[in-house]
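Input sequences plus hints: build the corresponding full structure.
Sequential numbering of the sequence shown, starting at 1, is according to the UniProt record's numbering.
Please keep in mind that the hints were generated in silico from the structure rather than gathered at the bench. Be a bit skeptical, because a hint or two may be false.
What the hints assert, rightly or not - Pair ranges (Cβ atoms, derived): (1) Thr-67 - Asn-41: 15 to 21 Å; (2) Glu-270 - Gly-323: 48 to 54 Å; (3) Lys-221 - Gln-99: 43 to 49 Å; (4) Glu-270 - Met-187: 33 to 39 Å; (5) Glu-307 - Gln-99: 15 to 21 Å; (6) Lys-190 - Asn-41: 19 to 25 Å; (7) Glu-183 - Glu-58: 27 to 33 Å; (8) Thr-217 - Lys-40: 35 to 41 Å; (9) Ile-300 - Asp-37: 57 to 63 Å.
As the structure is a prediction and not an experimental result, all values here were calculated from the model. Backbone N, C-alpha and C define an ideal beta-carbon position, used for all residues, glycine too.
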Amino acid sequence: MAQNVKIREIIKDKTIAEIIKYYPVVQDFFINYNLQDLQKNLTVAQALEKILPEQLEEFGLDVFSLTEELVKFMATLVNHREEREKVQNITIIGGKNKQGEAENVTLTMAVGEVISIVGPTGSGKSRLLGDIECLAQCDTPTRRQILINEHPLSDEERFDMGNKMVAQLSQNMNFVMDLNVAEFLAMHAKSRLCENAEQVIKQCFVCANELAGEKFTMDTKVTQLSGGQSRALMIADAAYMSSSPIVLIDEIENAGIDRKQAISLLTENEKIVLISTHDPLLALSADKRIVIKNGGIHKIMETSDEEIESLKDIEKLDTIMLGIRQQLRYGERVYPLKFVL
1 MAQNVKIREI
11 IKDKTIAEII
21 KYYPVVQDFF
31 INYNLQDLQK
41 NLTVAQALEK
51 ILPEQLEEFG
61 LDVFSLTEEL
71 VKFMATLVNH
81 REEREKVQNI
91 TIIGGKNKQG
101 EAENVTLTMA
111 VGEVISIVGP
121 TGSGKSRLLG
131 DIECLAQCDT
141 PTRRQILINE
151 HPLSDEERFD
161 MGNKMVAQLS
171 QNMNFVMDLN
181 VAEFLAMHAK
191 SRLCENAEQV
201 IKQCFVCANE
211 LAGEKFTMDT
221 KVTQLSGGQS
231 RALMIADAAY
241 MSSSPIVLID
251 EIENAGIDRK
261 QAISLLTENE
271 KIVLISTHDP
281 LLALSADKRI
291 VIKNGGIHKI
301 METSDEEIES
311 LKDIEKLDTI
321 MLGIRQQLRY
331 GERVYPLKFV
341 L
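Put into structure tokens, the structure is as follows:
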């Protein structure tokens, strides 16, 4: 009830334009009642005073009942945000591998942690990501179970599209909509109920350009983005717009973006990140790594102090390889290397 009182105060004191700025999807509420032409520089009460009663009678409403419907609608938006904040960890309870052997593992990951998933091609890394994406409850071929905050989930919780807990970035990011970057981000900001939408859109755009090897503009069509640009845009989107607390990434090393910066961005925004990778830099930068073998979780390893120390040399090698890639991209000659690790 206290929440509804607060929302009533917002509706009473704020103009419609101010309400829409913080809750963009409220604009759809007014459109549903054919009230898209309300004067947005007025409060809801002031704007409704200027319309004919017949406009609301068509829906069996008056000014009071419409305002109450708006309060309920905005309360639902706030509730969704609060539910997101409650997700603190995810647990994988092992099932079985391709031979039917028990995995005998339980792994809990907290907000801000990065877990890498390693193993040979075809070993089952993507299957593990798939189990997490669908929040499996012993109902997939591996019989794994995924817990949220150490509790199993009902089908309603798993498949609630308005409360999606998992965001996945696959190897192939193909856009089919004829939108430019600005329109795409605006659509996502609206659908994800972002507060301060304009600021978040700008933040996503700037961040994506920092991650991508090649710059793009707000006017660039999303269908014209390269693979690296697309991945950079979606990582920024997942970090700043998506309320999904769990982010799954499949082989980011082939995306042509700043991998370490991308992972840091997600963890700084309180995401639990699981990344399938063959990249030693990413695998050893994670807090733990899951080793997949024969379709099952073979072992779980914490990154050791020695491995963390070795990252310094791996980062030097990675910087050298990045420099060579840049030389090749810009048509320069590559000469014999002289370096000391």
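Cross-check of the supplied hints:
| no. | hint | result |
| --- | --- | --- |
| 1 | Thr-67 - Asn-41: 15 to 21 Å | 18 Å, holds |
| 2 | Glu-270 - Gly-323: 48 to 54 Å | 34 Å, violated |
| 3 | Lys-221 - Gln-99: 43 to 49 Å | 48 Å, holds |
| 4 | Glu-270 - Met-187: 33 to 39 Å | 24 Å, violated |
| 5 | Glu-307 - Gln-99: 15 to 21 Å | 30 Å, violated |
| 6 | Lys-190 - Asn-41: 19 to 25 Å | 21 Å, holds |
| 7 | Glu-183 - Glu-58: 27 to 33 Å | 32 Å, holds |
| 8 | Thr-217 - Lys-40: 35 to 41 Å | 29 Å, violated |
| 9 | Ile-300 - Asp-37: 57 to 63 Å | 59 Å, holds |
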